[in-house]
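Undergrad: Chains as they are written, first to last, in the numbering used here: chain A, 27 to 344; chain B, 22 to 101.
These aren't lab readings, by the way, just hints derived from the structure by calculation.
There may be inaccurate statements among the hints.
Stated by the list, open to error - Over 10 Å on every C-beta distance to chain A, these chain B residues come out as not near it, computed from the model:
id, residue
1, R23
2, L32
3, E35
4, V66
5, S95
Unchecked claim - Footprint (simulated), chain A over chain B, 3 or more residues, beta carbon under 8 Å:
id, segment
6, 46 to 59
7, 71 to 79
8, 83 to 90
Said to hold, decoys possible - Simulated pairs of lysine to any residue, SDA-like, Cα-Cα distance not exceeding 25 Å:
id, chain 1, residue 1, chain 2, residue 2
9, A, K130, B, N41
10, A, K194, B, L83
11, A, K213, B, N30
12, A, K198, B, V64
13, B, K68, A, G308
14, A, K44, B, N41
15, A, K174, B, S95
16, A, K187, B, R80
From the three backbone atoms N, C-alpha and C, an ideal C-beta is built for every residue, glycine too.
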Amino acid sequence: MEITDNVIVCVNLLDEAKKKHIKIDLNLLSDMLGVPVVGTIARKKSSLNNLLDVTYKVCQKKICPKPKKINYNSVIEDCITKLEIKLKELYDFPSNLYRWISLKLLENETDIISSIEKHLSVNFSENIELEKMLENLQNILNSSNITKTNFRDNITSSIMKQAEEVCKNVCKFEDETYSNRDKKIDKILTSKTFGIPIMIIFLGIIFWITIVGANYPSQLLFSFFGYIQENLIDFANLLNCPAWLSDMLILGVYRTLTWIISVMLPPMAIFFPLFTILEDLGYLPRIAFNMDGFFKKCCCSGKQMITMCMGVTKWESF
Amino acid sequence: MRKILSLNNLLLNEVGYIYNLNCSEGVKKRLLDLGLVKDTCIVPVLKSPSKGIKAFDIRGSLIAIRDEDTNLISVYTKNT
Chain A
27 MEITDNVIVC VNLLDEAKKK HIKIDLNLLS DMLGVPVVGT IARKKSSLNN LLDVTYKVCQ
87 KKICPKPKKI NYNSVIEDCI TKLEIKLKEL YDFPSNLYRW ISLKLLENET DIISSIEKHL
147 SVNFSENIEL EKMLENLQNI LNSSNITKTN FRDNITSSIM KQAEEVCKNV CKFEDETYSN
207 RDKKIDKILT SKTFGIPIMI IFLGIIFWIT IVGANYPSQL LFSFFGYIQE NLIDFANLLN
267 CPAWLSDMLI LGVYRTLTWI ISVMLPPMAI FFPLFTILED LGYLPRIAFN MDGFFKKCCC
327 SGKQMITMCM GVTKWESF
Chain B
22 MRKILSLNNL LLNEVGYIYN LNCSEGVKKR LLDLGLVKDT CIVPVLKSPS KGIKAFDIRG
82 SLIAIRDEDT NLISVYTKNT
């Protein structure tokens with residue numbers, strides 16, 4: 027929002043918010059940010075049309091967003107204005123970029139500055155006037171206790187404060203008990219005594235369903251592909267295909283491919299939907315949290331537990 | 022009365038406020054982006070059974086941070 031005026035804010039997952047009894051005042055949010063706000067539920071197509079509609083309108087300049095600026099600490103704000111004026115004298119950029127570039131120059135973020143220089147084909151370090159001014163401003167900042175190291179902290183906390191203000195006004199939690207219920211469940215799922223046994227039971231059930239349940243469709247697929255194979259061999263004989271060719275194609279390529287499909291596909295088709303349910307319940311991050319200590323010992327993070335589960339099913343299906 | 026201690030030493034469900042982040046640049050940037058700016062209220066709520074990691078309530082969201090990082094975050098408590 028500091029770089030361009032053309033911003034649309036999309037608030038997604040409104041259905042989840044409703045479930046948790048969180049009310050979001052989109053109109054007020056739009057007023058406070060100065061840009062159009064669209065609420066969506068990505069699963070519902072109709073709510074996305076609204077977003078497209080607003081996007082078109084912004085593109086056609088029927089709606090002109092005017093993002094509100096963030097107010098930083100007064101000393102920083104002073105420096106930005108001074109630098110902005112200087113930049114306006116020296117360079118010709120799109121009008122809304124001056125403030126942002128000034129901020130980045132003050133922050134001395136070399137990566138961003140070098141990419142700005144590349145894209146706008148300018149070179150700030152060559153300009154002695156600007157360099158002098160920057161040095162001057164940096165001294166001013168230093169004298170009011172804003173050093174290079176805490177400049178970023180200062181900026182982030184200003185942004186955060188403003189965001190908190192917006193959030194306080196826009197969101198309304200109507201049901202406090204909901205988060206309390208979540209907390210209680212979390213406490214059990216990650217407790218010392220129950221956490222790991224519950225995890226083993228959960229994963230055990232899933233693995234059991236996968237292994238046992240996959241057998242039936244596996245066999246079915248196997249006999250189905252076997253039946254086709256017989257026919258293919260007959261067909262090859264009918265064409266008087268040389269034995270080396272038909273053996274290579276049918277017994278080699280075809281059989282290996284179908285073998286893998288019939289062994290791998292059913293467990294995957296069962297396991298992944300079950301895993302998605304766990305993910306939807308929000309249980310996977312809790313598993314990662316529970317297991318992190320063990321995984322840390324081999325320099326991994328607890329998140330690897332999830333990948334490991336997937337690996338186990340693939341391995342066990344053989 | 023303010024008492025400054027490292028986040029790691031904050032007891033479960035004890036309310037603390039961020040005082041300083043002494044982490045390396047990368048980690049610090051990430052933590053700032055997650056909202057751990059100065060004076061933010063932070064409460065440890067969960068402890069992992071496998072140790073070495075704790076979950077914190079920050080602005081209503083639950084964020085897990087490892088001990089090696091929480092050691093470097095200093096917080097202050099408000100004694101009543």
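Undergrad: Confirm or reject each hint.
TA: So, going through the hints one by one against the coordinates:
1. R23: holds (19 Å)
2. L32: holds (15 Å)
3. E35: holds (16 Å)
4. V66: It is violated; V66/B is separated from chain A by about 7 Å at its closest Cβ, not greater than 10 Å.
5. S95: holds (14 Å)
6. 46 to 59: With 6 residues in contact (Cβ-Cβ under 8 Å with chain A), the coverage given for the segment 46 to 59 of chain B holds.
7. 71 to 79: Satisfied; 5 residues make the cut.
8. 83 to 90: Since 3 is at least three, the answer is holds.
9. K130/A to N41/B: Given pair K130/A, N41/B holds - Cα atoms ~23 Å apart, limit 25 Å.
10. K194/A to L83/B: holds (18 Å)
11. K213/A to N30/B: holds (20 Å)
12. K198/A to V64/B: Distance of about 22 Å is within 25 Å: holds.
13. K68/B to G308/A: Satisfied, since the Cα-Cα distance of roughly 17 Å is no more than 25 Å.
14. K44/A to N41/B: Judged against 25 Å, a Cα distance of about 36 Å means the pair is violated.
15. K174/A to S95/B: Holds, at about 20 Å.
16. K187/A to R80/B: holds (12 Å)
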